[in-house]
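Asker: Here the structure of chain A is known, so what remains is to put chain B in place on it, guided by the hints.
Residue numbers (our numbering), protein chains in the order written: chain A, 1 to 352; chain B, 1 to 322.
Do not rely on the hints blindly, as some may be mistaken.
Pair by pair, the computed Cβ-Cβ distance ranges are [unchecked claim]:
| # | chain 1 | residue 1 | chain 2 | residue 2 | range |
| --- | --- | --- | --- | --- | --- |
| 1 | B | N131 | A | P323 | 36 to 44 Å |
| 2 | B | L137 | A | Q161 | 42 to 50 Å |
| 3 | A | L117 | B | N131 | 33 to 41 Å |
| 4 | A | I41 | B | G142 | 27 to 35 Å |
| 5 | A | F150 | B | N131 | 26 to 34 Å |
| 6 | B | L80 | A | T342 | 38 to 46 Å |
| 7 | B | G167 | A | F343 | 38 to 46 Å |
| 8 | B | A293 | A | P239 | 51 to 59 Å |
| 9 | B | E280 | A | T293 | 57 to 65 Å |
| 10 | A | V231 | B | G142 | 44 to 52 Å |
| 11 | A | Q161 | B | L80 | 50 to 58 Å |
Derived by calculation from the structure, the hints in this document are not laboratory data. In this text, all values refer to a predicted model and were calculated from it rather than measured experimentally. Beta carbons are placed, not taken as given, at the ideal position from N, Cα and C, and that holds for glycine.
In case you want the letters, here they are:
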Amino acid sequence: MTATAEAPVTPPPIRDERMGRKSGLARLLARPEAGAVAGAIVIYVFFFIVAPPFRNASSFSSVLYVTSTYGLMVTPIALLMIGGEFDLSAGVAVTSSALCASLFSYEFTTNAWVGVLVALALSLLIGFLNGWIVVKTGIPSFLVTLGTFFVLQGLNIALTQTITNQVASPDISTLQGFSSARVVFSGSFTIGGVNIRTSVIYWLVFVAIATWILLRTRIGNWIFSAGGSPVSARAVGVPVGRVKIGLFMAVGLMAWFTGMHTLFLFNTIQTSQGVGNEFVYIIAAVVGGCLLTGGYGSAVGAAIGALIFGMVNQGIVYAGWNPDWFQTFVGLLLLGAILLNTFIRRRAEAAA
Amino acid sequence: MTTPQNTSAGKHRAQDTPSVGQGSGNGGVPLVRLVNASKRYGAVIALSDITLEVGAGEVTCVLGDNGAGKSTLIKIIAGLHQPSTGSYEVEGTPVAFNSPREALEHGIATVYQDLAVVPLMPVWRNFFLGNEVRKGLGMNIGFMKKTCKDELLAMGIDLRDVDQAIGTLSGGERQCVAISRAVHFGAKVLILDEPTAALGVKQSGVVLKYIIQARERGLGVIFITHNPHHAYPVGDRFLLLNRGKSLGYFEKSQITRDELTGLMAGGAELEQLSHELESEGGAAADIGHAMEADVEELGIAHQASGTDTAPAVTRQEGTSPR
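Chain A extracted, bound-state conformation:
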């Protein structure tokens, strides 16, 4: 506690006889990330034992890479969930953004960067519309974004089919500006013989920014209050509606970023890509300690939730198992993680 500087000022606090001393461990466990950290350690140890290749630095680098492709989206989804809303359209919105950039620059033969900027505008617009409809109508975001999900999914497939007669976007690697965009969005570098993709760095940077926003800024306060008790927040002057719209747009922004990463890595995008990822994002955030009801959670926890996904995703491959079991395995792990999370939080609260 902070009794150091103000020691002469504050009288020694009279301890309530009903309050036991809360141990350091209990305090640690009461943090939203606690369950995710425990789960991540268990899963890491598990694959470390059963999958020998998992122990290499290079495999861990690819675990981190897969993690980052989820994590880039998990971060804004976590903020959105702390703000009390869902976005089920987030998975296909990534694909929409990438398709938009690719088709626009290919069909109009522009510099790849023009497509990138058009896609950015589209992604922010999708986010804005999601948020605006939710805020203006008061309809649960679960329903609104479920609608957006199907609208976007249909557009992804139908528009691409109409324009290109294909189920994927054309290869844009010959376009001007492609190589510079690839460096920016999908670069990689080597440290000590291990290849690391820049998306991992971006992911960590975004997690850090999100954490800073949540804990150190006024906006962060507003996000927690918008999810925790919107009525109370409004009563003390928090612009709850604007906060929520902003959060949906942040999801849009990161959907754009993730879409650009995928596009410039593979030169082309499958139209059906991204379906199902919206659940991965939400689950990773929940495993990371975000409450489904809003008002509680952390960006770091959500990042660890994404890491659990990345580890399982790659660990199954390294263990030499049939990847068809991935989803079942993930489902079980998530149930386990959520149970563990709940158990730990109950215990921590009981200890408090």
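Answerer: Chain B alone, transformed into the frame defined by chain A:
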């Protein structure tokens, strides 16, 4: 102890208000005065002819049972509604508020029963929610935590940790945080809506203590309650409401606690209830007898019906001893 007042630079403080009307409140201009205020919702007369005032350093209690019009009265003072007739003055100036925010700008803050706090957020974040102190791009967290701690200490709340979620505090403590927050952000008049309603005996005592604290810091307090035992010790004036009408408006010197209780309880109704219970027989009859005894002890039977002050004292020693 350092004076925490100076830490909130720029905020106008309740202490700065001249102590007009300290004590009886007849000397200076009251902070809030309603004169013959009425409120109609269509054909429904929710309030009629209510007069009430509160000065700096005074507590005016508004007592009434459910449906007596307390909520309507709060809504008028808090700026949610305007009175249909009658006048509303703040520091002697007639006002017509269109929103609670306008009332707040005049220093009239309402602490509602449901408190306007976010349970999962830390105490200090709740304290400054919507009024965060910024520093560069972020917030001045150290300053806010310290100010919060000092402000709560000034109200006599010694929290171990302002970082704990406000939901972990007791109902009474939460009320007190909400009160001290209103005080810190410049409230001159506090409207407390049933702050003791959901609390136990001890917790209620804590809240009453903070009401006295607020009064001593020179604030005007309008304390809405249905419990005369909570109102009497802290109040300077008492407005009794029943079915939208005033049953009486008293200075403390004009009324005893027992009379207040009697008026509130509605002695005749209690008496009737006790007779009904007695006729039930068994355990109900015992309760009925006990109630009857209470009614007698309080000597409230004659005040019960409010208007007919004819000697309805059919029972023994009528008037209440002080």
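Asker: Hint by hint, say whether it matches the structure.
Answerer: Each hint, compared with the structure:
1. B/N131 - A/P323: 36 to 44 Å: This hint is violated: roughly 53 Å between Cβ atoms.
2. B/L137 - A/Q161: 42 to 50 Å: Since B/L137 and A/Q161 have Cβ atoms about 46 Å apart, the given range 42 to 50 Å holds.
3. A/L117 - B/N131: 33 to 41 Å: Given range 33 to 41 Å: holds, Cβ gap about 38 Å.
4. A/I41 - B/G142: 27 to 35 Å: Holds: the Cβ-Cβ distance is about 33 Å, inside 27 to 35 Å.
5. A/F150 - B/N131: 26 to 34 Å: violated (42 Å)
6. B/L80 - A/T342: 38 to 46 Å: holds (41 Å)
7. B/G167 - A/F343: 38 to 46 Å: Taking Cβ atoms as reference, B/G167 and A/F343 lie about 20 Å apart, which means the hint is violated.
8. B/A293 - A/P239: 51 to 59 Å: Holds: the Cβ-Cβ distance is about 57 Å, inside 51 to 59 Å.
9. B/E280 - A/T293: 57 to 65 Å: violated (46 Å)
10. A/V231 - B/G142: 44 to 52 Å: With a Cβ separation near 30 Å, A/V231 and B/G142 fall outside 44 to 52 Å, so the hint is violated.
11. A/Q161 - B/L80: 50 to 58 Å: holds (56 Å)
The structure shown violates the earlier hints numbered 1, 5, 7, 9 and 10.
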